[in-house]
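**Student:** Read top to bottom, the protein sequences are chains S and Z.
Using my numbering, you'd call the opening residue of the first sequence number 1 and step up by one each time.
Using my numbering, you'd call the opening residue of the second sequence number 605 and step up by one each time.
Read the hints as simulated data drawn from the structure, not as lab findings.
All values derive from a computational prediction rather than experimental measurement.
Wrong hints could be hidden among the right ones.
[To be verified] DSS-like, lysine-lysine: derived pairs with alpha carbons at most 30 angstroms apart: (1) K272(S) to K206(S); (2) K581(S) to K610(Z); (3) K610(Z) to K367(S); (4) K206(S) to K581(S); (5) K766(Z) to K532(S); (6) K204(S) to K396(S); (7) K499(S) to K581(S); (8) K499(S) to K109(S); (9) K751(Z) to K77(S); (10) K765(Z) to K435(S); (11) K499(S) to K765(Z); (12) K104(S) to K204(S); (13) K267(S) to K98(S); (14) K881(Z) to K499(S); (15) K77(S) to K367(S); (16) K610(Z) to K532(S); (17) K435(S) to K751(Z); (18) K278(S) to K98(S); (19) K951(Z) to K499(S); (20) K612(Z) to K532(S); (21) K881(Z) to K435(S); (22) K98(S) to K499(S); (23) K435(S) to K612(Z); (24) K612(Z) to K204(S); (25) K77(S) to K881(Z); (26) K278(S) to K414(S); (27) K204(S) to K267(S); (28) K264(S) to K461(S); (29) K881(Z) to K581(S); (30) K766(Z) to K751(Z); (31) K600(S) to K104(S); (32) K206(S) to K109(S); (33) K77(S) to K581(S).
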Amino acid sequence: MDATDTSHPDYYHRVVDCQWACPAHTDVPEYIRLIAQGRFTEAYLVNRHSNVFPGILGRVCDRPCEPACRRGRVEAKPVAICRLKRVAADHRDGITGKLPPIPKVKNGKRIACIGAGCASLTVANDLMPLGYQVTIFEQYGEPGGLMRTNIPSFRLPQAVLEEEIRMIVDMGVDLRLGAPIDSMRELLATGGFDAVFVGSGAPKGKNLDLPGRAAADANVHIGIAWLESVAFGHIERIGERVLIIGVGNTAMDCCRTSLRLGAKQVKVMARKPRGFFKASEWELEDAEEESVDIVVNRSPKAFVIEGGRLVGMTFECMEYELDGRGRITAERMTGEEFIPADDVILAIGQENAFPWIEGDLGIELDKWHVPVVDPVTYRSTRPGVFFGGDAAFGPKNIIWAVEHGHQAAISIHKHCQGEPIAERLPPGVNLQSRKMGMHEWSYSNDYASVERRLVPHVSLKERFKKLNIEVELGFTAEQAAQEVQRCLNCDVQTVFSAKLCIECDACLDICPVDCLTITANGPESELRGRLKVPARNLTQPLYVSGALPQTARVMVKDEDLCVHCGLCAERCPTAAWDMQKSHVHWPHAEDEAQALEARKPKIA
Amino acid sequence: MTFIAKPKVVHPSLPRNALGLVRRDYEGALSTLCAGCGHDSVTAAIVEACWRQSLEPQNVVKLSGIGCSSKTTAYFVSGGHGFNSVHGRMPSIATGANAANRQLSYIGVSGDGDTLSIGLGQFCHAIRRNIDMLYIIENNGVYGLTKGQFSASADVGTKAKKGETNFQPPIDPVLLAMTLGASFVARSFSGDKEQLVPLIEAGLRHRGFALIDVLSPCVTFNDHEGSTKSYAYTREHYEPAVQADFVPPEREITAEYGAGEALAVTMHDGSRIVLRKLDAAYDPTDRSAAQARVQERLRSGEFLTGLLYVDSDGKVEGGRREFHQVNGTPEEPLNSLPYEALSPGSKDLAKLLAGYR
């Protein structure tokens, strides 16, 4: 193998699994350390820099970071990253004066954002400090988009939502509520905007057209529309027996909401076995804790009507054959089952809908009526019109929408300044030694063997009394103090310098997880098998040094299970190993603005 | 040394031995030796070998004298028995313990000072008695614990850290052991575990005295330019002559060796050492030829390494008996013998004494 190029910004970034997995590249280990030091406000600001809505995301994020967390490979469970984020948000002080200042003199560029959801709000958050005038058009009377309409308040309290939206609106955003955009043509022609950002989400729930659907209409609801009606108080009751069709995260919100609106018996009907569920593991757990019955291998067949009213549904009972890798190789129907119900909620997916974008504006939609959007710049086929969030590539989640917003803000800025939008600043990584003295390192490198802490919940008796009782209570101080110590500080990198190595084997001998090997070089597939413990996780790159001075062998590190204890550096007699904190710099619009300023010719 | 405790966490796919233990179960206390000390690598090699041999920790006896090297015994198999003796007197303790219980695995770890200076007489007699033990010398050519004076194994011409040159000839433990009739003599290097680990395994299985002289650089006082025991110098001048691969009794010797280049030596328990000659002119079963070759290479400044001489179970050279065979000690440990057998009573004592009159 060639020697690893650690100067490439991706190398050390990838070692920080959580940050690499986070669409917005949140500096997770850094904010966890700040929480450990009781510096909640700073931890909140580190979060906010990347993900804009730490209080909201600390409750309802899809947490791609947690399945990626190295702790989950070293032992069973990952660090409770998401819930620690909430700790920072819950315990912080006021941050007035800690957000970037908003210039009084504007730069004369006006931006329209359609939909006041997380993507548009992020665009405003990034552009307001640069002097842009941002106008957000929202069809409903309150901002927040799907965060407000689709996430039940027992998971995300309104106060948290409103506070984090207000931080952005208070930057001076021109927020127009109850102002749906009916015609893109009109907005472009008469609005006087320099750029338009479409962050209107994927608001159309999918229907299930089965026999009896029309006759049962009064008691069949589309999941996201139904949640929206609940959020705005238009729906306050549901029947005693409720069937939810589909088993994604929307289904989980529908079933738990039903229980709070009078349902006694809620069944979630899944077409396939458990391994194929779309819902996150923790959302399934929370629903099952509330005695929701998840029925597998039932494929909906018809709505059953008696006396002009829905009485239940029939399902085909399915059986699947799986191969060794858990994929379905064959399916067959084994019978039919009738399940009685008073109401049915369809939660089988959602789609984009742009009836208000005229076909002749140069904004190309593909055959599924999804806009053609550049995956780097988020620009549509019409210059000056950008898409982000669910509106761009279909339903994802909040954290992805935030990152779309950051990237679209860069494009909008460059577009307005007359710069090529595809020429963007590259990400960078800075390294800084953590060595403080002979045996002192400026990070906590003890391995805490404590297991993942469980977030306490409101009792099953209490929580159903009102719709908006937040079920999760958040970590107690003691729990948070223990949970932060589980973080392995993966951003404190093991940095090797081959020319200093005397091949004494001290690092190999001391490494608790056997991730180091000094051996003859070879092709990667063969080298992986030759390590002290073979490196089987192919998603984690190997570190391979240049030839060592004495024997021309190489130092190989399997990053997969390194616990960043620093013992290799501690035991190294020549400081060939050092522990250095990596700081990943992921450019935002403000960085582009600074770079633009620096490029301007200086007038002496 | 380090102040950070080695975390208890282990690689989840760490292999297990016949006892279901992982390598890390054979570790001991955290080393307080200098960072980069060769001795710590020797410790790691011992840990690896004990794990591979599936030794039951409670059946391991660790013995040492005084010196940096002698701290080693604290750093492996924390479940074993240990005795840290007076300077240079480790062989006496080993002899006594061994006489009382021959069923344990005895590992003595000593240094060039402990073995070749103050303990030289003890060392020679342990070889002469052919005590059933593995005796490892961590040889670095200096007295590290007293800040780097030349030891009895310092080579002529080697330079101390401050610049003085050594003019006194070294005592070579390998040549000495061959002369005294040792039945298992090896030399290795702390920086070459591929060679060292199988040697330790074979040494553990060898019945009788097994010596491994390990060149183990002192990173603090003897790793500079001009030293003949530094990492760099050792790497340039050590010459593997015979690679010994340990093959347990249950495994077959497969055909991975070319004809003529490998020689299998069977141990008393049916396990074998496959000797691969890397130096065609070398014969590890011919004592005088081996001795001559080691000496010849030493004269040109090269250390021959590997299993340099082996006389397995006394089958060669007319039956060299080990300590227990000579003394007719019982199979069982003394502490498990009934009192009557250990102390037959005054009548028998009188009979015994009468025999001398």
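**Student:** Confirm or reject each hint.
**Tutor:** Structure-based check of all given hints:
no., hint, verdict
1, K272(S) to K206(S), "holds (19 angstroms)"
2, K581(S) to K610(Z), "holds (21 angstroms)"
3, K610(Z) to K367(S), "violated (59 angstroms)"
4, K206(S) to K581(S), "violated (47 angstroms)"
5, K766(Z) to K532(S), "violated (38 angstroms)"
6, K204(S) to K396(S), "holds (14 angstroms)"
7, K499(S) to K581(S), "holds (21 angstroms)"
8, K499(S) to K109(S), "violated (54 angstroms)"
9, K751(Z) to K77(S), "violated (48 angstroms)"
10, K765(Z) to K435(S), "holds (27 angstroms)"
11, K499(S) to K765(Z), "holds (22 angstroms)"
12, K104(S) to K204(S), "violated (39 angstroms)"
13, K267(S) to K98(S), "violated (47 angstroms)"
14, K881(Z) to K499(S), "violated (33 angstroms)"
15, K77(S) to K367(S), "violated (42 angstroms)"
16, K610(Z) to K532(S), "holds (18 angstroms)"
17, K435(S) to K751(Z), "holds (27 angstroms)"
18, K278(S) to K98(S), "violated (39 angstroms)"
19, K951(Z) to K499(S), "violated (76 angstroms)"
20, K612(Z) to K532(S), "holds (18 angstroms)"
21, K881(Z) to K435(S), "violated (47 angstroms)"
22, K98(S) to K499(S), "violated (44 angstroms)"
23, K435(S) to K612(Z), "holds (23 angstroms)"
24, K612(Z) to K204(S), "violated (52 angstroms)"
25, K77(S) to K881(Z), "violated (50 angstroms)"
26, K278(S) to K414(S), "violated (37 angstroms)"
27, K204(S) to K267(S), "holds (23 angstroms)"
28, K264(S) to K461(S), "holds (14 angstroms)"
29, K881(Z) to K581(S), "violated (48 angstroms)"
30, K766(Z) to K751(Z), "holds (11 angstroms)"
31, K600(S) to K104(S), "holds (22 angstroms)"
32, K206(S) to K109(S), "violated (38 angstroms)"
33, K77(S) to K581(S), "holds (24 angstroms)"
Hint compliance for this structure: hints 3, 4, 5, 8, 9, 12, 13, 14, 15, 18, 19, 21, 22, 24, 25, 26, 29 and 32 are broken, all remaining hints hold.
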